[in-house]
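Visitor: One-letter residues, chain by chain:
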Amino acid sequence: MWTSPKVRLSPPSKWVMRSKVEKILLPGILSSARLESLEEFFNASYRAYSDKKEIDFDFSSLRFVEPSGYTALFNLIRWLRSKQVKIVFSNYMYPNKKSLVYMDDCGFFEFFGLGKIRTFSSPRSTTMSHILSPSERSTWYENSLATWLTNTTNLPPSSFSSLKVCLFELFTNIKDHSESEKGAFFAQHYPQMSRLIVSISDIGVGIPANVRRVLPDLSDSGCLEKACELGFTTGNTRRNAGRGLDTLVNMAVKNCNGTIKIISLSGYYEISENYTKIKKIDLSWKYPGTSIEIIIDTTKLPNEPPEIEDFQW
Amino acid sequence: MVNLVIKDIVSSNLDHDDGSKLFGVISSNLDKGSVSLDFIGMDIVTPSFLNTSFMPLVEKYEYSYLKKHLEIKNANSLIVQFIRQSIDIAIKSKSAIIH
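Just so you know, the sequences run in chain order A and B. Under our numbering, think of the first position of the first sequence as 1, with each following residue one higher. Under our numbering, think of the first position of the second sequence as 314, with each following residue one higher.
This is chain A alone, in the form it adopts within the complex (with noise of 0.2 Å):
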C-alpha cells in the first residue's frame, strides 16, 4: 500500500521552537453534531499547543466530513498557525478517499499552501467557501455569494434577503467584536435534502470573553444565550447599542424558518423551529473562536420579493 509522505505546512512568519511532534488522530466523523467526537481532538491539539510541540495531524481515519467539522478543522488549524504552531499533514493523499477528495474540492490543502489531492479537484456547485474581510462583504455577496446561491437553489436573490442581512451583520461582529482580521465562510446546499448550510466563523477572541467584560459570572453557553437576548449590548457606544445577535437569530429562525447553532470557546448554543427548540451545552473543549452556523430549509423561503410598503410613523 502506498502511503503518503507527511507534508509540512508553509512556515508562517515566526517560528517558536518546538522539540516534539505530536501525532494526533483526526477523528471519523467531522461534525459539530456530534460534540463528543471533536472533544478528544480539539483537546490534544490545544494540549500540544500549550507543550509547545509540533502537531503532526493525520487524516487516515477521517471518513466523513460535514460543513461545521470542515469549518472546525480549518479554523482549528487557522489558529495554530497564528500561534506559530508547526503543522504537519500525514496520511491525506489519498485521491480514491471520498472525505479527503470533498476536502480537497473544497480547496482545504490548497488553502494550506499543500496543492491539491487531484491536479483536476475544483469547488462543486454545491459548496461555497471564502476568506474575507469584512470590508469586503458587499462586494463579495454580490459578485459571488448571490449568483452561487441562486444556480444552486433555482430561488432568486431576494429569496436571501433575510439570510444576507445575517451575513453582513456577522461581519461587521467581525470587525467590531473577535479582534479577528477574517472571517472564514462556507455553504453547502443538499438539494435532495431541499438544506442549506451556512457557517461564517473566526479565531478571534470569542462571544463569551465580551460578554464576561459585563456579566463576569456567567458560564460560556449562559454568555452565548445572553448574547442572543434582546437589547443586550456589551458596550456603552452607539455602535454596539440596539439590535445586534439577537436580530440574526430571529431572520434565521423565523424570518429563514432555520435553525441556528452557535459555538464560541466553550460555549454551545442552539436555537430552533421557532424558538420552541433551544439546546445549551457547555463543552468540555474549547472552539478556537466563533462559529455561527444557520440551517435552512429552503422549501421554507419566500419566492417573491419583499413587496414596496407604506411607512407610517
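Everything labelled a hint here was simulated from the structure, so no lab data went into it.
Straight line, CA to CA, 30 Å or less: simulated DSS-like cross-link-like pairs of lysine-lysine:
1) B:K407 to A:K226
2) A:K300 to B:K386
3) B:K334 to A:K182
Some but not every residue of chain B turned toward chain A, in silico, with C-beta under 7 Å:
4) D328
5) P360
6) S361
7) N387
8) N389
From the derived model, a few chain B residues whose C-beta atoms are all more than 10 Å from chain A:
9) L317
10) G337
11) N342
12) L343
Quick reminder that beta carbons are idealized off the backbone N, C-alpha and C, glycines included.
Based on the hints, put chain B in the right spot on chain A.
Guide: Chain B alone, transformed into the frame defined by chain A:
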C-alpha cells in the same frame, strides 16, 4: 422637501460608519426643513446601520417632528420591519433616560 437617495450616500456594506454618515446628512437637512428618505435600489438594511442612523434620529428629535418632517419611501417590508423595531427600541431607551 429635500430628497435623499440612501444608496447614493452610503456604501453597500451598510455598517456603523454608513449609518453614522446617513445620520449626519439627514440631521443637517432636517434642521432646515423636511426630508424625503428614499430606499430605492436597496433590498436590505442591517441592525448596525440602523443603530447609528435611525436610533440617534429618534434621540435627537421629537417623534412628532420626525412624523411631520421625515418621509420614508420605497422601503420594502423587510426594511420597514427593521426600521420600526429600531424606532421602538430608541423610543423606549429615550423614555427610560427621561424617567
